[in-house]
Each structure stands twice: as C-alpha cells, then as structure tokens.
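Between the sequences and the hints, there should be enough to build the whole structure, so can you do that?
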Amino acid sequence: MCRSALIPGWGHLYLGHRSKAVLFGLGFLVSGLLTVFSPSAATGLAGLITLGESPQTLDGFSVIPGDHSLHLLVDGLITLLFGLVCLTIYLVNLWQAFMLGRTKYHIQRIHGFLLVSLLPGFLLLVFFIILPFLLTLTVGFTDYRSPDHLPPRALVDWVGLQNFGKLISLDLWKQTLLSVGLWNIIWAVGVTGLSYFLGMGMSGLLANHPIPWPNFWKILFLLPYALPTFFSLLIMRSLFSGTGPINLGLGALGLPALPFLTDPLLARITIILVNVWLTTPFFLLLTSSARTTVGSELYEAAALDGAGSWTQFRRVTLPLVWETTLPVVLLSFFFQFNNLAGIYLLTEGNPSSVNLHYAGQTDILISWIYKLTLFQGQYNLAAVLTTVLACFLGTAGVLMRRRMTEL
Amino acid sequence: MSRTKRWPLIGLLILAGSGIVYPLFWIVLSAFRSGNALYSADFHLSELTLDHFYRLFTATEFPLWFLNTLELAGLHMVAGLILTALTAFSFSRLTFKGKGLTQSLVLILQIFPTFLSMLALFILLDRWNLLNSYFGLILVYLAGQLPFSTWMVKGYMDALPRSLDEAARIDGASDYQVFTRVILPLSTPVLGVVALADFTLPWFDFVFQSLLLHGDRKTLAVGVLEWLHSPSGQQFPLFAAACLLIALPVMLMFLIIQKFLNPVMMVERFKT
Numbered sequence: 032m033c034r035s036a037l038i039p040g041w042g043h044l045y046l047g048h049r050s051k052a053v054l055f056g057l058g059f060l061v062s063g064l065l066t067v068f069s070p071s072a073a074t075g076l077a078g079l080i081t082l083g084e085s086p087q088t089l090d091g092f093s094v095i096p097g098d099h100s101l102h103l104l105v106d107g108l109i110t111l112l113f114g115l116v117c118l119t120i121y122l123v124n125l126w127q128a129f130m131l132g133r134t135k136y137h138i139q140r141i142h143g144f145l146l147v148s149l150l151p152g153f154l155l156l157v158f159f160i161i162l163p164f165l166l167t168l169t170v171g172f173t174d175y176r177s178p179d180h181l182p183p184r185a186l187v188d189w190v191g192l193q194n195f196g197k198l199i200s201l202d203l204w205k206q207t208l209l210s211v212g213l214w215n216i217i218w219a220v221g222v223t224g225l226s227y228f229l230g231m232g233m234s235g236l237l238a239n240h241p242i243p244w245p246n247f248w249k250i251l252f253l254l255p256y257a258l259p260t261f262f263s264l265l266i267m268r269s270l271f272s273g274t275g276p277i278n279l280g281l282g283a284l285g286l287p288a289l290p291f292l293t294d295p296l297l298a299r300i301t302i303i304l305v306n307v308w309l310t311t312p313f314f315l316l317l318t319s320s321a322r323t324t325v326g327s328e329l330y331e332a333a334a335l336d337g338a339g340s341w342t343q344f345r346r347v348t349l350p351l352v353w354e355t356t357l358p359v360v361l362l363s364f365f366f367q368f369n370n371l372a373g374i375y376l377l378t379e380g381n382p383s384s385v386n387l388h389y390a391g392q393t394d395i396l397i398s399w400i401y402k403l404t405l406f407q408g409q410y411n412l413a414a415v416l417t418t419v420l421a422c423f424l425g426t427a428g429v430l431m432r433r434r435m436t437e438l
Numbered sequence: 053m054s055r056t057k058r059w060p061l062i063g064l065l066i067l068a069g070s071g072i073v074y075p076l077f078w079i080v081l082s083a084f085r086s087g088n089a090l091y092s093a094d095f096h097l098s099e100l101t102l103d104h105f106y107r108l109f110t111a112t113e114f115p116l117w118f119l120n121t122l123e124l125a126g127l128h129m130v131a132g133l134i135l136t137a138l139t140a141f142s143f144s145r146l147t148f149k150g151k152g153l154t155q156s157l158v159l160i161l162q163i164f165p166t167f168l169s170m171l172a173l174f175i176l177l178d179r180w181n182l183l184n185s186y187f188g189l190i191l192v193y194l195a196g197q198l199p200f201s202t203w204m205v206k207g208y209m210d211a212l213p214r215s216l217d218e219a220a221r222i223d224g225a226s227d228y229q230v231f232t233r234v235i236l237p238l239s240t241p242v243l244g245v246v247a248l249a250d251f252t253l254p255w256f257d258f259v260f261q262s263l264l265l266h267g268d269r270k271t272l273a274v275g276v277l278e279w280l281h282s283p284s285g286q287q288f289p290l291f292a293a294a295c296l297l298i299a300l301p302v303m304l305m306f307l308i309i310q311k312f313l314n315p316v317m318m319v320e321r322f323k324t
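Chains as they are written, first to last, in the numbering used here: chain R, 32 to 438; chain D, 53 to 324.
Warning: the hint list may mix true and false statements.
What the hints assert, rightly or not - Stretches of chain D that chain R covers, calculated by requiring three or more beta carbons in the stretch to come under 8 angstroms of a beta carbon on chain R: (1) 223-235; (2) 253-264.
Unchecked claim - So these bits of chain R aren't anywhere near chain D, every CB distance computed over 12 angstroms: (3) D98; (4) L115; (5) R184; (6) F195.
Treat the hints as calculated values from the structure; they're not laboratory data.
None of the values given here were measured: they were computed from a predicted structure.
Heads up, the beta-carbon is just placed ideally off N, CA and C, and yes, glycines get one too.
Written as structure tokens, this is what we have:
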C-alpha cells in the first residue's frame, strides 16, 4: 500500500497484477499531466475564483487584450475536472492496493477491448454532457448577460444566489415561471395522452374489423411519422396562419376566419392538436405491436365469461397494453415536455403577453430559455431556469427508473 | 360484421385519412403550381410547372445546403454506428465495476435533451475553436444521441443467446472477435434503426445548427428557416418545393428501414 501511495500502480506490480498496474500508472500520469499542463493551469484555478481582473481595453484603434472571463471559467472547470479524475484514480489505486495487501482479495482481469470500446463514449459523456452541465450551473451564479457583462469587453463576476433570488422575489419573473410551468405540464400531458388514446383507438380499428385494404390505411396513418417533423411543423404553421388555406376554406364556406395561432386560447388548442397529429402514428405503431403480445386465450376466456367487446377492451386489452407500453409512454412524455421544435416552429411561443417576462402564451420552459438565450442575452437567468428544469427532470428520471425496476 | 355496420367505420377512416393527407396534398400543390401567389382558392391544371424546382437549383443556395446536410448526416451516421455498437456491446457482454450505476445514468440522461445546455456548449465550442465546424457539431450530436441509442442496441444484444458467444470463446475468440464476428452481424436490424435515427437528425435539428453554423457551412434547416423569416413571404412555393426534395430521401430511408421498426423492441430494452 505504501508503494501505491508513492507511485500509483507500483503496489499492483509488486503483487503481480501487471496490466492493472500499467493502467493505474498511466491513467494517473496522463490525468496528472493534463491537470498540471492544461491550457491555463496556472491561471485556471485562480481565474475560476476571480473570473479576470482587467477587461479588454481600447487604446486608440488597437485592442489591448484583457482577461476573458468565460475562457477563465471554462479552463478552470476543465482543470478541476482533470484534477478530479487524477484524484479518483489515485484513491481507487490506493484502496485496491490496501484490499490486496490485507486479504486474498480478487480483482477482475482488465479487458483491453473494454477500454477501447468504452473510452470514446466516456469522453463524450464527460466533455459534451457533464462539462456543459457544470458550466450551465456555474453561469447561473454569475452576472453574465448582455449588454453590460459581455466578454471580452467587460468582465463577468460571481454574484452568488442573486439570480435565484430574483426568480423567487421579483413578481414578474415568479409569475412567468409559474404560468409557463403550468402550461408546460398541460401541454405535455395533453399531447401524450390524446395521441396515446387516438393511436390506441386506430390500432383497434385496424386490428379488429374487416376493412378493405388494411395495409393501405396503415401506411396512410403512418405517413406523418415518416415525414421530417421540422417540415411538417413549418407546413402546419402556414396552413393555420391568418391568411392560410384553412382560413381561406372557412371563408369560402361563409365562416369567419379564426386566429388559430394568434388568439391565446385557440393557439394553445391548435398547437396541441398539431402535435397530436404528429405523435399519434408513433403510438399507433406502438399499440399495434403491443396488442399482438396479448394472448388470444385471454380473449377467449373473457368471451366465455360473457364479456362483450367493450368489456374485453376495458378489462383485457387496455390494462395489458398500458403496462407493456408504460416505459415508452413516460419517455415520450418527457420528450414532449421539452419539445422545443413542436412549440417554436409553430408559434415561436407567441402570442406575447404583458404579464409574461420575455415569454409568450404558448412558450414552454425550454422555448422560454431558448429565447432568453438567443434573443435577450439573459444568459445567467436562462442558466438558472435550466438548472431548475434539470432538477425537475432529474427527480422525475430517478422516480421513473425506480418504477421501471419494479415492473 | 354486417355490411351496414361497415360504412360508418369506413367513413371514419376516410375522415381521419383526409386529415392526414390534406396538409401533404397542399404542399405538393404549392410546389408544382406556377406563380408566387401564396394562397389562391381556384386552381387549373395548366398552372402546373417545374419552375420552382428550377429556381431552387439555379437562383438559391439550396444545392449547397443540401450537400452540406448530406455530408453532416453521413458522417454523423457512420460515427454514431461505430460508437453505439461499441458502447452497447460493452454494456451487454462485458463486465466492469460501476456498470449498474452507469446504466441507470444512461437511462436517466435520455430525458435531458442536449439543447438544455446549448449556451454552455456554445461557450465550450467557442473556447475550443470548433464553432462553424461539422466536427464540433457532430460531437455534440453524438453525445446527445448516445444514451438513447446505446440503450436500444444494448436491449437488443441482451436478447441474443449467450450460448453463441460462449461457443465462440471456447473456440478461442477474443472480445474483439466475439464483437465483430458474432454480435455485430446479428445486430444489423437494430443498428439499421440507429442508422436511420442518426442520419435523419441533422435534417431536423435547427437549434444547434442555427446556433453553431453560418456562412457557407449553412445547412437546410438554417437556410429554410431564414427563408420563412424573410419579410417578402414570396419564398413560399420555393419552400414547398424544397420540402418535397428533402422529404424524399428521408422517407425513402424510412421505407427501407421500417420493417425493422418494432416498438416492442424498444419496450423490451427497459426490462433489465
């Protein structure tokens, strides 16, 4: 163990685990070197604390470079991450050496192929999911926003919990958060629920009744699923627009034009229905294959007990299909909950409202965050909202995982 | 069932069918009719024309955007297939410490869309000088797709009988050989689904493309959104024509893959 504490891997080598020793030694060396020699290890951690002292300044026409707060923040985080990896390797190495020395502790043989096959995925996970996540979290504690705090011309500073406080104490923000959040839930439940039961009904029609050309209908009903959603949504947007073909048709019938996408309530209904149009085919496909897993003997037994077709559906089909499909329904619910395209491409979150801060009546949380980031430059508050949303999703995800292991 | 009871049912089917077909019919019509009139009620056969398609290729940057998107989609598909197959194989067939925890993490990560941290990704790619490069964008896409596709492929591989790889191992096959000779050939159906998902993603996603790409790197999603936001609104028939041309390859791919699309397979992957 003492050997391992001095040079990671030495202990393993001493006890005859050569491949493991090389792994620990190299892993420690590489991550250690990366920590010490990362782009800004010297300023990295100091920079992470101060976020820069002097902004870029102009001297006549020449630019005198100053500290770029965001670069300091990113570099600092990366250095921290490398350091953590290095420390973890060291501690695991120490622990294993300790166990090895004490008992006849058996360690697993390391597969060379395992390393090669997991490393790319692991690196992607760390640098493109976890690091962005940490960065978002930290931005929420700074004053990074336009127009006053945009690097490199100005510095960004830590402001502690000020942004979170704003969200809770300022009425305008609080009200917007509550109203957008409520609509977000209605939207996700509405779209997922409606399309599930529509898909269920359609698969029942196709499965239980002799209709002419069943395959023709099936392909027809699956069409919206095959179309790129990006384009179907844009097509729908022009269909429902103020002077679009649907209003033209209504006019031809002598009916008044309807503000499908500009009246708050009507826009919400339209946007749900359009997304139901897009999602139903998926549930049609899902429920028709789930139906095939229900054994026919169950129906025969039910028929013997005198159950009509409605009772059979309610007591046999529905519970069994529901149980089989629940995991996918839950995933689909969360997809819908964060369906930025489904909202943004259709209405851009509009119609706008004076009661909502930078948000429209059909905005869900993620589209609100998108607009705050892209058009308003309210980066720090967008980051805070993202953190709130991520906490909600994380909790829901853990609950979902637990429910699924029970099944 | 009696004939009289069939008619309401068929009526219902036709109603639902027309609800689905109408928007598609309308976009086809706009693409082929002459003139720039956005919405006109009457229509004659003589109005049919290929003008918009011609203009699409000669007067706009559509061909460039199309090729860009194709390049992006192709590269992403290849990289995604390799990465997913490798990761899923290690989860399904190899043992390592912390496997259970990683699996839970992969499952939970599926409900976090990548664009949740779009701002952070922008800052990071800017720091690494990967803005406006397909390499950076593909890395972002790969990371985002990985949890979902790994989970799906892993579920499929779990269902393949273990006796197969045990037999191969008795014959002296290494991990690598079990992977390439046994598991990979048997997993082609599910990898087809992954290929479809990875190929189509760059045709739909506008969030990252509008955030990260510009100039001659522009893709279809970015270009088309810009058309629609152009004040004239004159571009609509062009948009319709573009829609048709883009929908075709994607739908073709879908038709090829669709016999492998079995949602129950996606259900099964949760039963671990």
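Each hint tested on the structure:
1. Coverage of a stretch by a chain is defined here by at least three residues with a beta carbon nearer than 8 angstroms to that chain's beta carbons; for the stretch 223-235 of chain D and chain R the count is 4, and the condition holds.
2. Counting residues of the stretch 253-264 of chain D whose beta carbon lies closer than 8 angstroms to any beta carbon of chain R gives 6, which reaches the threshold of three, so the coverage claim holds.
3. The Cβ of D98/R lies farther than 12 angstroms from every Cβ of chain D, with a closest approach of about 14 angstroms, so its non-interface assignment holds.
4. Against the 12 angstroms criterion, L115/R stays outside the reach of chain D, whose nearest CB is about 15 angstroms from its own CB.
5. Once the 12 angstroms rule is applied to beta carbons, R184/R is consistent with being away from chain D; the minimum gap is 15 angstroms.
6. Non-interface call for F195/R relative to chain D: holds, since the shortest CB-CB distance, roughly 17 angstroms, exceeds 12 angstroms.
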